[in-house]
Amino acid sequence: MWPSTVAVLGTLAGALTAGLLQHHAARAEERADNHRQDRLDAVTAFAAALDAHRSAIFHRERLALSRADTEHQLEAETRSHDTRAAITAPHIRLQVLVPELTGPAQRATDATYALRRAVDRTELDARRHAAKEATVAFVAEAAALLGPGRAG
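Position 62 of the sequence shown, counted from 1, bears residue number 65 in the working numbering, the numbering being contiguous throughout.
It is worth saying that the hints were derived from the structure and are not from the lab.
There's no promise every hint is true.
Label-pair ranges, simulated between beta-carbon atoms [said to hold, decoys possible]:
| # | residue 1 | residue 2 | range |
| --- | --- | --- | --- |
| 1 | T8 | D41 | 48 to 54 Å |
| 2 | D36 | R120 | 40 to 46 Å |
| 3 | A92 | A117 | 17 to 23 Å |
Since this is a predicted model, take the numbers as computed values, not measurements.
All C-beta atoms in this analysis are idealised placements derived from N, C-alpha and C, irrespective of residue type, glycine included.
Model the full assembly from the supplied sequences, consistent with the hints where possible.
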């Protein structure tokens, strides 16, 4: 009787241990998936905010170069200030969650801010192109770091 009781208790203990290990592994995988999704969300939010600001500042500068009426220029200026402010939180979140992308993110940000005070439309268009390229480079680095099959 004792040997069979010990065998049953051993089997139960083994099953319990295996179940606990499986549960911990599943939770660890879920945490990793959530962390990866948080990082992807940070990249996406930052890129979207940067795109909105690039568009707003380009519009503002284009109006200034064309000497549009004051009311339209003020509206465009307000919009560009709003979109610039909207970059701050996603930029900080990105720096915290994906510090490996701080350099490319800062280069994309600097290129976008450089649209200000272009002397003519040709220079404005060139700066806009450079800002878009910097954002494309940022997204490419993010894809390399966090794309499918990456541990990131």
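Non-conforming hints, listed in increasing numerical order: No numbers; nothing is violated.
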